[in-house]
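Colleague: In the order they appear, the protein sequences are chains A and B.
Position one of the first sequence corresponds to residue 1029 (my numbering), numbered consecutively onward.
Position one of the second sequence corresponds to residue 73 (my numbering), numbered consecutively onward.
Calculated from the structure, these hints are not laboratory results.
Take the hints with a grain of salt, since some may be wrong.
[To be verified] Computed list of lysine-lysine pairs in DSS-like fashion (alpha-carbon distance at most 30 Å, straight line):
no.: 1; chain 1: B; residue 1: K150; chain 2: A; residue 2: K1090
no.: 2; chain 1: B; residue 1: K150; chain 2: B; residue 2: K231
no.: 3; chain 1: A; residue 1: K1055; chain 2: A; residue 2: K1065
no.: 4; chain 1: A; residue 1: K1055; chain 2: A; residue 2: K1121
no.: 5; chain 1: A; residue 1: K1065; chain 2: B; residue 2: K150
no.: 6; chain 1: A; residue 1: K1121; chain 2: A; residue 2: K1090
no.: 7; chain 1: B; residue 1: K89; chain 2: B; residue 2: K243
no.: 8; chain 1: A; residue 1: K1090; chain 2: A; residue 2: K1055
no.: 9; chain 1: A; residue 1: K1055; chain 2: B; residue 2: K150
Remember, predicted model here, so these are calculated numbers, not experimental data.
Residues per chain are reported as follows:
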Amino acid sequence: MSTEVRLPTIHTAGLAAAESALNAALKLSPHSVEALKGLADQVLALECTKPALTLFLRADDKGYLHLAGAHEADVTTRVRGTAEDFGALASAKDPAAELINGNLELNGSSATLTDMQRIFADLDLDWEAPIVDGLGDVAGHQLASMLRAAFSWSQQASSNLQRQLGEFALEEARLTPPALALEDYYSDVQQLAERSDRLAARVERLRQRIERLRLS
Amino acid sequence: MTEKDTTHFGYQEVETKDKAGLVGQVFDSVATRYDVMNDLMSAGIHRVWKRFTIELSGVRRGHRVLDIAGGTGDLAAKFAPMVGDQGEVVLADINASMLSVGRDRLIDRGVPGNLYYVQADAQYLPFPDNHFDCITIAFGLRNVTDKDLALRSMLRILKPGGRLLVLEFSKPDNPLLGRAYDAYSFGILPMMGRLVAGDSESYQYLAESIRMHPDQDTLREMMENAGFASCDYHNMTGGIVAVHRGTKG
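Turn these sequences into a full structure, and let the hints steer you where they fit.
Modeller: Given below as structure tokens:
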């Protein structure tokens, strides 16, 4: 499948740098590398329409991830959407549900995409190994423990802040409706849209029938 | 008086039969410092150009790939794991010094055993008809004495549907960039050659041979005339380098 690549030198250099960074991170997460081996030779095409950018992702049988701006063969899965849509999928707790309900257009196997998303979501970097290699066992372990504690605290603080802000907006400031009410509302809108479509189809059929009767 | 059969060697007019020997002397002289000089001259960008060429190759597991004028084996090293055990990669170069440096380097790097080394002239490739899925020639075609003959030879050994990729210096598409590039090629390049490789003449030849090489559209026409179908090219770094692609119909 051929793709036109704009500014190939910059595009390719950017992808080469991203590929190195990703693989360096993956080296710190051996279980992610093992999981990627299971996806060997499956090619995922990510077509971002806004901004326009196409990216091909492929893992090899050693769990090394390859990024390319052009891929001249069939792809396993092709996903199309805006950067916003891809962002929603990347941060989704349930990627399969996001694929069904989101705005991304998908061709081919969805399993490759959801498996890849899950591998990155479950990325558990072992910071200690490179730090211990550089600083020695004692100092390295101390620094790694401190970093791990700081990382864990910041994750927890961010999650608490998110929950408290949500509660404040809903309960105290009454800025947002409850999630269930919102889902009901979306469902009503969806039903209304479907009924409108059906009505439009009926009107069109009726119009064609009248037209036929008039001509006969 | 009979008219002599001549061709260009950089800006010099030489007898056709002498060109291969003269080019051979250039590469004998630069072989051991070839990689260092490539990195220095292009600020490492030659790796990006080669990477893009590989992306366009469509090479996959089980394919048979020939890398002509493969020099120190940059492309062959990348192709070898892509084709896997079922495939094969042949690194060919007319110059024994370059081939020897490339072979030592790839063996030292532990590149898989599906890689073969052949000393061969691009004009008379010693392979059966319809043999390769992909042929690449990176920064080599401009040194070939008869480019049309070489292109026809490549077409013969490609399988139907197989692809030729020619990565080569070309003509910058912006006049300002062209002037800066000229100043760099004829001013700084030979000086770097003298300081790093102890040989300014070879790098003077490099700059001259680039100017004498056909531009993007001419090379595409040459590929079409040789019998390649669906020929196109991608300019890189403002046209300083272009990768041409053609398919055997």
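Colleague: Evaluate each hint against the coordinates.
Modeller: A quick look at each hint next to the structure:
Distance hint between K150 (chain B) and K1090 (chain A) is fulfilled; the C-alpha atoms sit about 14 Å from each other, no more than 30 Å. About 21 Å separates the Cα atoms of K150 (chain B) and K231 (chain B), which keeps this hinted pair within 30 Å; it holds. Under the criterion of a C-alpha separation no larger than 30 Å, the hint pairing K1055 (chain A) with K1065 (chain A) is consistent with the structure, at around 13 Å. With a C-alpha separation of about 24 Å, the suggested pairing of K1055 (chain A) with K1121 (chain A) holds against the 30 Å cut-off.
This hinted pair checks out: K1065 (chain A) and K150 (chain B) have alpha carbons roughly 19 Å apart, not beyond 30 Å. For the hint pairing K1121 (chain A) with K1090 (chain A), the CA-to-CA distance comes to about 28 Å; that is within 30 Å, so the pair holds. Between the alpha carbons of K89 (chain B) and K243 (chain B) the distance comes to roughly 28 Å, so the proposed pair stays at or under 30 Å and holds. Using a Cα cut-off of 30 Å, the hinted pair K1090 (chain A) and K1055 (chain A) holds, with the two alpha carbons roughly 11 Å apart.
Distance check on the hinted pair: K1055 (chain A) and K150 (chain B) sit about 20 Å apart at the alpha-carbon level, within 30 Å; holds.
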